Amino acid sequence: RLPRSGSRARRHPAQASSSAAMRSLGLVQAVLGVFLSFGTSASCTDCGQNNLLLRCGRRAAVTREADETAKKPPPDLDQDDGANSGREHQSGWYSLFWCPPHSHQKEAYQVPLPGNSFVPVLASYPPGNEDITQAIIVIHGAPREAEGYFETMVRIVQQQKREDHTLVIAPTWADKACSAGDWSIRVGDGVSLDAQAPYWTSLQRWMYGGPADRGNSSSFEVLDSMVDWAQVNYPHLRRLVVTGFSAGAQFLIRWAAMSPEGAYGVTMRKFLPLVIIASSPSTFLYLSEERPDSACVPDEDQGQYWSCNGFSVPSLGQDCDSKWNQYASGLGGLHWRASSPGHTRYVANKYLQKSIGATSNAEVSKQIRGRWATKDVRFLFGAMDTKNCDVGACSNECEHMLTGKNRLQRGLNFMGYLKRLFPGYQPVWGIYHGGHSAILAYSSDYFTAWAIEEDCTPEGVDPYASGALVKCCKDLVKTYGLHGTGWNHYICKPAS
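At position 20 of the sequence shown the residue is numbered 20 (our numbering), and the sequence of numbers has no breaks.
Just so you know, the hints here were simulated from the structure itself, not pulled from any lab data. Treat the hints loosely; a few may be bogus.
[Claimed, not checked] Across the chosen pairs, the derived CB separations fall in these ranges:
| hint | residue 1 | residue 2 | range |
| --- | --- | --- | --- |
| 1 | Gln105 | Ser294 | 50 to 58 Å |
| 2 | Tyr94 | Asn216 | 24 to 32 Å |
| 3 | Asp182 | Asp321 | 43 to 51 Å |
| 4 | Ser179 | Glu130 | 26 to 34 Å |
| 5 | Asp189 | Gly310 | 51 to 59 Å |
| 6 | His236 | Lys176 | 31 to 39 Å |
[Said to hold, decoys possible] Here are the computed lysine-lysine pairs in the DSS-like style, where the Cα-Cα straight-line distance is at most 25 Å:
| hint | residue 1 | residue 2 |
| --- | --- | --- |
| 7 | Lys354 | Lys366 |
| 8 | Lys354 | Lys270 |
| 9 | Lys366 | Lys350 |
| 10 | Lys323 | Lys366 |
| 11 | Lys106 | Lys161 |
| 12 | Lys419 | Lys366 |
| 13 | Lys176 | Lys106 |
| 14 | Lys323 | Lys350 |
The structure displayed is predicted, hence computed values, not measured ones. Every residue, glycine too, gets a C-beta built ideally from N, C-alpha and C.
Produce the complete structure using the sequences and hints provided.
Below, the structure written as structure tokens:
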């Protein structure tokens with residue numbers, strides 16, 4: 001989990017392990033991190049891929065910090081993810097949303113929304129900066145700890161020496177009332193001092209695109225506004241990355257399926273490359289009625305090389321009282337008049353209708369699948385994120401238990417499912433060495449390659465020009481040894 005500013009952090013419950021292997025790994029990381037950080041020469045020609053930031057010694061400081069963070073006493077916080085996602089935030093989760101921000105008043109801005117409303121955001125550079133060429137929008141977890149995620153992402157960008165041209169944006173889906181005047185003394189264009197931020201006290205409504213407590217807008221509309229705001233306010237922006245960890249990844253996967261943003265790998269306003277990176281979610285949105293066969297869902301952990309090739313529609317008695325495919329575990333109920341106003345499915349469907357004109361569930365589902373296949377969606381999973389969901393490490397609701405018994409297993413099953421659903425499609429995914437830790441996920445070689453270093457086309461060169469993007473991808477594969485299942489059909493082909 002990521003600490004709030006000024007607090008002491010603890011290891012996430014799902015990351016904790018009593019095994020000797022885990023303890024040994026942590027000791028080795030700490031020793032190697034200190035060894036490399038003092039400039040002692042070491043061979044890095046064969047560091048191994050995704051090796052906890054020790055490649056070439058340039059990320060040793062992050063490794064040491066992550067290891068030390070894990071040893072600190074715990075703060076008064078709950079875990080980072082919506083493990084039992086139906087719990088109301090105000091009754092089960094400790095909020096880390098502060099209005100005004102706890103430590104980042106100078107980086108606080110307002111993104112305007114319709115109806116005298118705004119999104120509270122933190123941004124590492126003010127609007128109008130002409131040096132920014134890429135932006136990372138990082139989505140917080142269940143406690144709404146945007147400040148912690150903002151600090152960590154800024155630090156990682158700085159360690160890659162990309163801070164001069166990379167913008168970090170951390171929006172907050174608030175869980176309590178907040179006015180624009182309280183959030184920041186700098187009121188942005190189109191925002192009045194008395195404008196109010198929408199807020200979601202229900203964790204489930206926020207993650208699944210449901211309505212705000214104040215107003216009836218979908219939480220997905222907030223992220224659409226963020227993507228648009230970045231393009232309008234940073235004139236030389238050439239690339240956008242949107243990423244979420246844990247509960248933020250659950251939200252991001254549903255948004256990726258429902259939003260028109262990212263279709264064919266680009267934004268709607270300026271057709272900029274848009275990369276979506278979901279890391280270590282508790283649950284997934286299945287795009288058809290099929291689920292992993294029971295053989296793909298063993299109780300015991302099968303490790304990071306697990307794969308699933310068997311998928312079928314759950315049989316009677318195994319279908320969670322016929323609810324296994326209802327949104328947000330599947331696409332059931334996403335059609336006109338499927339639910340009453342104010343319900344999450346109703347609001348999500350209303351949002352969907354703005355970009356998909358279909359009214360039948362079959363046609364809506366077909367269009368969602370077709371759009372997903374063109375998007376640049378990537379996944380990160382922790383090799384040790386294997387604590388069983390039955391003990392609270394992730395959602396243990398019936399419809400989600402059908403997809404896997406721990407986070408890693410669920411993620412790898414979903415990769416097999418996407419290949420089954422879209423013949424010829426190759427999902428992009430990677431494994432980082434660690435448990436349920438956003439710091440380790442975002443410090444991994446995979447994330448830094450995808451989010452920070454991938455903009456390898458020269459200034460002024462169209463990345464979609466013949467061969468340009470293909471060469472970029474091949475260079476990355478050669479440099480980072482990226483594996484998983486390769487690249488999907490969009491990533492390594494110039495636009496037709």
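Problem set entry | Holds or violated: Lys419 to Lys366, with C-alpha atoms at most 25 Å apart | This hinted pair holds, its Cα atoms lying about 16 Å apart.
For this session: Look at the Cβ atoms of Asp182 and Asp321 and judge whether their distance stays inside 43 to 51 Å.
Result: holds (45 Å)
For this session: Determine whether the Cβ-Cβ distance between Ser179 and Glu130 falls within the hinted range of 26 to 34 Å.
Result: holds (31 Å)
Exercise. When you check the alpha-carbon spacing of Lys354 and Lys366, does it fall within 25 Å?
Worked result: holds (16 Å)
Exercise. Taking the CB of His236 and the CB of Lys176, does the distance hold inside 31 to 39 Å?
Worked result: Cβ of His236 to Cβ of Lys176: about 36 Å, so the range 31 to 39 Å holds.
Problem set entry | Satisfaction of hint between Lys350 and Lys366, Cα-Cα up to 25 Å | holds (17 Å)
Exercise. Going straight from one Cα to the other, do Lys323 and Lys350 come out at no more than 25 Å?
Worked result: Answer holds: Lys323 to Lys350 is near 21 Å, not above 25 Å.
Exercise. Under the criterion that the straight-line Cα-Cα distance not exceed 25 Å, is the pair Lys106, Lys161 satisfied?
Worked result: holds (22 Å)
For this session: Compare the distance between the alpha carbons of Lys323 and Lys366 with 25 Å, and conclude whether the hinted pair is satisfied.
Result: Within the cut-off at roughly 20 Å; holds.
Problem set entry | Distance restraint hint 24 to 32 Å, applied to the beta-carbon atoms of Tyr94 and Asn216 | holds (27 Å)
Exercise. Between Gln105 and Ser294, does the C-beta distance stay in 50 to 58 Å?
Worked result: holds (53 Å)
Exercise. Holds or violated: 51 to 59 Å for the Cβ distance of Asp189 and Gly310?
Worked result: holds (54 Å)
Violated hints: none; the structure is consistent with every hint.
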